[in-house]
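Protein chains in written order, with the UniProt record's numbering: chain D, 1 to 220; chain Y, 1 to 220.
Among the hints, erroneous ones may be present.
Ranges of calculated distance between the beta carbons of each label pair, as one might list FRET restraints [what the hints assert, rightly or not]: (1) D:Arg49 / Y:Arg67: 33 to 39 Å; (2) D:Glu20 / Y:Ile84: 35 to 41 Å; (3) Y:Glu215 / D:Leu145: 20 to 26 Å; (4) D:Arg184 / Y:Gly10: 32 to 38 Å; (5) Y:Ala125 / D:Met130: 47 to 53 Å; (6) Y:Pro61 / D:Leu54: 45 to 51 Å; (7) Y:Leu89 / D:Leu50: 47 to 53 Å; (8) Y:Leu89 / D:Pro142: 47 to 53 Å; (9) Y:Ile84 / D:Lys204: 39 to 45 Å; (10) D:Gln134 / Y:Ser117: 53 to 59 Å; (11) Y:Arg67 / D:Leu48: 51 to 57 Å; (12) D:Val34 / Y:Tyr210: 30 to 36 Å; (13) D:Leu57 / Y:Ile207: 35 to 41 Å; (14) Y:Tyr210 / D:Leu57: 37 to 43 Å.
Don't read these hints as lab results, they were simulated from the structure. For every residue, glycine included, the Cβ atom is placed at its ideal position computed from N, Cα and C.
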Amino acid sequence: MFDYNFHWRPVIRSLPELLEASLVTLQVATLSMVIGIVVGLGLSVIRLRLRGPLYWLATAWVELARNTPALFQLFFFGFGLGAFGWHLTPYMIVLVGLSFNNAGYLSENFRGGFQAVPDTQMRAARSLGMNLWQTYTRILVPQVLRIVYYPMTNQLVWAVLMSSLGMLVGFRELSGETQFFASRTYRIFEYFAVTAVIYYVMVKFILLASRLLATRLFRY
Amino acid sequence: MEPTISFFSGFGRQDILFMAEAAWRTLLISTISIAIGTILGTIFGWLLYEGRIWATLFLAPVLDAFRSVPLIIQLVLFYNFVPIIGLSLDAFQSGLVILTIYTASLVANVARGGIESVGKPMRRAARSLGMSYWQDLRYVVLPIGTRAVFPSWVGVALGVLKDSALVSVLGYVELLRASQILMTRTQEPLLIISIAGAFYFALSYPISRYSAKLEKRWSQ
Chain D
1 MFDYNFHWRP VIRSLPELLE ASLVTLQVAT LSMVIGIVVG LGLSVIRLRL
51 RGPLYWLATA WVELARNTPA LFQLFFFGFG LGAFGWHLTP YMIVLVGLSF
101 NNAGYLSENF RGGFQAVPDT QMRAARSLGM NLWQTYTRIL VPQVLRIVYY
151 PMTNQLVWAV LMSSLGMLVG FRELSGETQF FASRTYRIFE YFAVTAVIYY
201 VMVKFILLAS RLLATRLFRY
Chain Y
1 MEPTISFFSG FGRQDILFMA EAAWRTLLIS TISIAIGTIL GTIFGWLLYE
51 GRIWATLFLA PVLDAFRSVP LIIQLVLFYN FVPIIGLSLD AFQSGLVILT
101 IYTASLVANV ARGGIESVGK PMRRAARSLG MSYWQDLRYV VLPIGTRAVF
151 PSWVGVALGV LKDSALVSVL GYVELLRASQ ILMTRTQEPL LIISIAGAFY
201 FALSYPISRY SAKLEKRWSQ
């Protein structure tokens, strides 16, 4: 029954490349998170404050991001936009797709966060002479970011996991690199087992780092 | 290359049927795995809540691993692991197994939250009325806990519905795979990917709206 010979040597030999690729994964996930936070904040403010075409545009964005698979979104940016003559590189497909997705999910978190900040904060800031931009950037957004800190770390973990879809659009992040090596050596199981471990370690590292950061940030 | 976009060349009525059938397959694999995964996950959640040493030592890390490794890696890993132990499962069966365990690992947390949301006083009251442990679980904890975590369960279920797109890497022709096949044949990426997106949206959006409505009604 058990007549399979495991060959770990090729995996160990290409471990440096895999670790390098995992840095690419972390980089694209972090970058898409930063873009997602900025755009997501914009989307939630639009949905809370405005009416009209901008509101509908933001709502469509959020609902599309939340109600379709992330892989669909990558395919849309990868292949769908080709009809307009826009051909994104694999890196851009993953970055744009993840940012689109992150922005949609985060904006719902931010919306809850904005609603949790008392209205009086806005009024107090405005009566101190701050304009709307100052009120948002100096008073409301810092409080919101603090409220949604843990959902945001979850989203970062999701972004790392979702970036593995890059493998299907030809992006050489950790999964793509793994598939490249696996298909060259036919040691599919061994390669993906090691990659699974690397992902696990990355996720645990992110969660640990965010806990440590939280204890530093949220000390009064 | 022709500057005009000609939309319906090569994309006929039978292709719509092909996609509808693929959407049915998406629905099939996700419904079965959500159903079994929910039952398993509820049992796991109960085990985690009861906090026997075995559950915290062995079950919790295993479930955590399924949440910390990208689903696509899990699928490839399992699909290539099955022949090693001398079994043969096709893409559908492998996908079903992994999606079910993945669902269970997510539902376990939700279920534990549900049990925790039923306060200790309530449960003591039930036991004081002469209910047995199982009666308390069945007639007190289940109805109240379900109500508390139903929205998050819907979130998990919709997540699995969307993540079932990843089973396409194993060659199971579900909605996204079908649209990829059609894109290759008809060279109409934008149209076809939009139809696939519309299918997903039509499956997911009504459910998420309905659950949001229920949540609002229950919280009053």
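Against the earlier hints, flag every one the structure doesn't satisfy and list their numbers going up. Of the numbered hints given earlier, those the structure breaks are 2, 9, 10, 11, 13, 14, listed in rising order.
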